[in-house]
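Participant: Chain by chain, the residues run as shown.
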Amino acid sequence: MQHRHKSSMKRTQQRMAVLFVLPALAIYGLFVLYPLAMSLWGSFFTWKGLRMLDFAGLSNFARLFVFPSSARLTGALWHNVAWFLGIMVFQNGVGLLFAWLLFLRSQGKGRSGAAFFQSLFFFPAVLSPVIVGALWRLLLAPGGVVEWTLNGLGLHQGSLTVLGNSQTALVMLIAVDAWNWMGLPVLIYTAGLRQISGQIFEAAKLDGAGSGRMLVSVALPLLMPAIGTLTTLSFINTFNQFDIVYVMQGVQGNPSYSTDTLVTYFYRLAFGAEGAVGITDIGLALALGTVLFLILSIGTLLMLRFFDRRTVQL
Amino acid sequence: MSARAIHRRLARIPGWTMLALWSAAVLLPLYILVVSCFKTTAEIYENRLGLPRSWSFDNFTNAWTRADLGQNFVNSLIVTGGAVVLTIVVSALAAYPLSRYKLGWNGIMLGLFLSGIMLPIRLASVELFTLMRNLDLLDSLTGLILVYSAIRIPFAVFIFANFMRVLPSELDEAARMDGAGETRILFQIILPMVKPAVSIVAIFTAIAVWNDFFFPLIFIFDDRYKTVPLAISVFVGQFRTDWGLVFASLAISMAPILIMYCLLARQIREGVGAGGGMK
Chain A
1 MQHRHKSSMK RTQQRMAVLF VLPALAIYGL FVLYPLAMSL WGSFFTWKGL
51 RMLDFAGLSN FARLFVFPSS ARLTGALWHN VAWFLGIMVF QNGVGLLFAW
101 LLFLRSQGKG RSGAAFFQSL FFFPAVLSPV IVGALWRLLL APGGVVEWTL
151 NGLGLHQGSL TVLGNSQTAL VMLIAVDAWN WMGLPVLIYT AGLRQISGQI
201 FEAAKLDGAG SGRMLVSVAL PLLMPAIGTL TTLSFINTFN QFDIVYVMQG
251 VQGNPSYSTD TLVTYFYRLA FGAEGAVGIT DIGLALALGT VLFLILSIGT
301 LLMLRFFDRR TVQL
Chain B
1 MSARAIHRRL ARIPGWTMLA LWSAAVLLPL YILVVSCFKT TAEIYENRLG
51 LPRSWSFDNF TNAWTRADLG QNFVNSLIVT GGAVVLTIVV SALAAYPLSR
101 YKLGWNGIML GLFLSGIMLP IRLASVELFT LMRNLDLLDS LTGLILVYSA
151 IRIPFAVFIF ANFMRVLPSE LDEAARMDGA GETRILFQII LPMVKPAVSI
201 VAIFTAIAVW NDFFFPLIFI FDDRYKTVPL AISVFVGQFR TDWGLVFASL
251 AISMAPILIM YCLLARQIRE GVGAGGGMK
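These protein sequence lines map, in sequence, to chains A and B. Under our numbering, the final residue of the first sequence carries the number 314; numbering is consecutive throughout. Under our numbering, the final residue of the second sequence carries the number 279; numbering is consecutive throughout.
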């Protein structure tokens, strides 16, 4: 009797569970998993507009890697890699320094404003990249306030054209992105530093380590999980970079494709703005999507493994 | 004060300077944004950093009505509100049995949801576009709500499952003895116990949806359904010469997030610090 009651309850539970999971699974499956699977599958077919025609093997991929697409592809890939490296240094590196400074100042007496600085630094991160991009586009425009300030300080003369110059445009976009997200490393590193036992720092101090030495030799190895999280997040974000480029430089990655990224190139292929006539090339777009999917998943898995191995257990 | 204490204070000056410099780098652009909202374009050129001559709201009214930002603002509110509610309800429903029943398939299902946190959904936008067209969900706020919920469900299920898993099992067992149904147990007993999870999911879903630009760009063509970021991206080109109006529209579009941030700064700091809850 007892046993039968239990097994009937098990069955009710199974039925309830299916009912409860179904709405979320349906929405997630229909609008995320299904289109993603279809996109990967579709990259092996020829397309006419939005209609899938015949199986084409790897011919889309072959077209992706030869001229004229190869020039766009390598350009965009290089910009994404440069973007990632730039963010690692200027955002995550400088962010670590800020987090360390705040951590040192929140030791001992009270909290001394660390929370205030954290909130202030994180503020731009809650803004849309579109707003951030539009704001900086106005500030950096010829005749804008940055030009006026630099001229006034005698650091620069005449019209400021950093966004119109293919030598500097990408660097400016990376800087704007770092301005946007600086608060993220600051928050993640300070949270990581707080988890490290105070005794470890005390012991290092007794051994005569200065604060710089303490950061490099004591804190850094123990921050590996935080560094791993940030590196992976930054990798995913930079290889999905689209909004800032679109708003500041247009979907072509002006000037002359110098700020083009893989996703802006993908967007042009898929929704039409590539070349003079603006015809879409769905087969090529899906092949690029599949390549990007592979870069992202393999890259993410390798990074997670790399940082997992270097996590110090205490 | 001993010489040593003075030395220690002096040693901290470079650090404070760096922190102050970055604070200025964050605050100055925002200050310029705010004061420029009240200036005419001519005044912006003449008087860059000073306070406006008069606190005129012309730019705001122009942005709201002439550029029709008011409509975009309402659309963004509807989409954000809808996506937050839908995400919370369906994710809580799914997370409850997956974290608290012994089903035999909890692990696989959770893994399936979890994998979605990292999936680059933008790459699926061609097939998503075809799907939305076939479902007649282009130029539709409902369509946006569904897509955003689908994207945010993995993170929400993950957070809810983590919080629900650690609640004592006596909670729902006692309620079940009293004859409460599973839906009631979830919404009246379990969900109130995991309020921090609900607020994390609500905050980060709201920020992500309010700020998103990519999907409206692809799915919305009719001006009546454009959301704020999409409208802003058009303004920047369209009203290139009317800087006051563009600054005012930027200010309007960040206002709701700014208010929320001031109220919830601590929760947001802790939520992000706990695991980079936000992309």
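Everything labelled a hint here was simulated from the structure, so no lab data went into it. The structure displayed is predicted, hence computed values, not measured ones. Don't take every hint at face value.
Unchecked claim - One-sided and incomplete, this derived list gives chain A residues near chain B with beta-carbon spacing under 10 Å: (1) 19; (2) 40; (3) 53; (4) 56; (5) 57; (6) 58; (7) 119; (8) 128; (9) 141; (10) 145; (11) 239; (12) 250; (13) 252; (14) 254; (15) 302; (16) 306.
By construction, the Cβ of each residue, glycine as well, lies at the ideal position given by its N, Cα and C atoms.
Participant: Against each hint, give a clear statement of whether it holds in the structure.
Facilitator: So, going through the hints one by one against the coordinates:
1. 19: Interface hint status for residue 19 of chain A: holds (8 Å vs cutoff 10 Å).
2. 40: 9 Å, holds
3. 53: 14 Å, violated
4. 56: Since the shortest Cβ distance to chain B is 16 Å, the answer is violated.
5. 57: Where the cut-off is 10 Å and the nearest Cβ of chain B is about 19 Å from residue 57 of chain A, the hint is violated.
6. 58: 18 Å, violated
7. 119: 4 Å, holds
8. 128: Holds, about 3 Å.
9. 141: Hint holds; residue 141 of chain A Cβ to chain B Cβ min 9 Å, cut 10 Å.
10. 145: Because about 5 Å separates residue 145 of chain A from the closest Cβ in chain B, which is inside the 10 Å limit, the hint holds.
11. 239: 8 Å, holds
12. 250: 9 Å, holds
13. 252: 13 Å, violated
14. 254: 12 Å, violated
15. 302: 13 Å, violated
16. 306: 16 Å, violated
Violated hints for the displayed structure, listed by number in ascending order: 3, 4, 5, 6, 13, 14, 15, 16.
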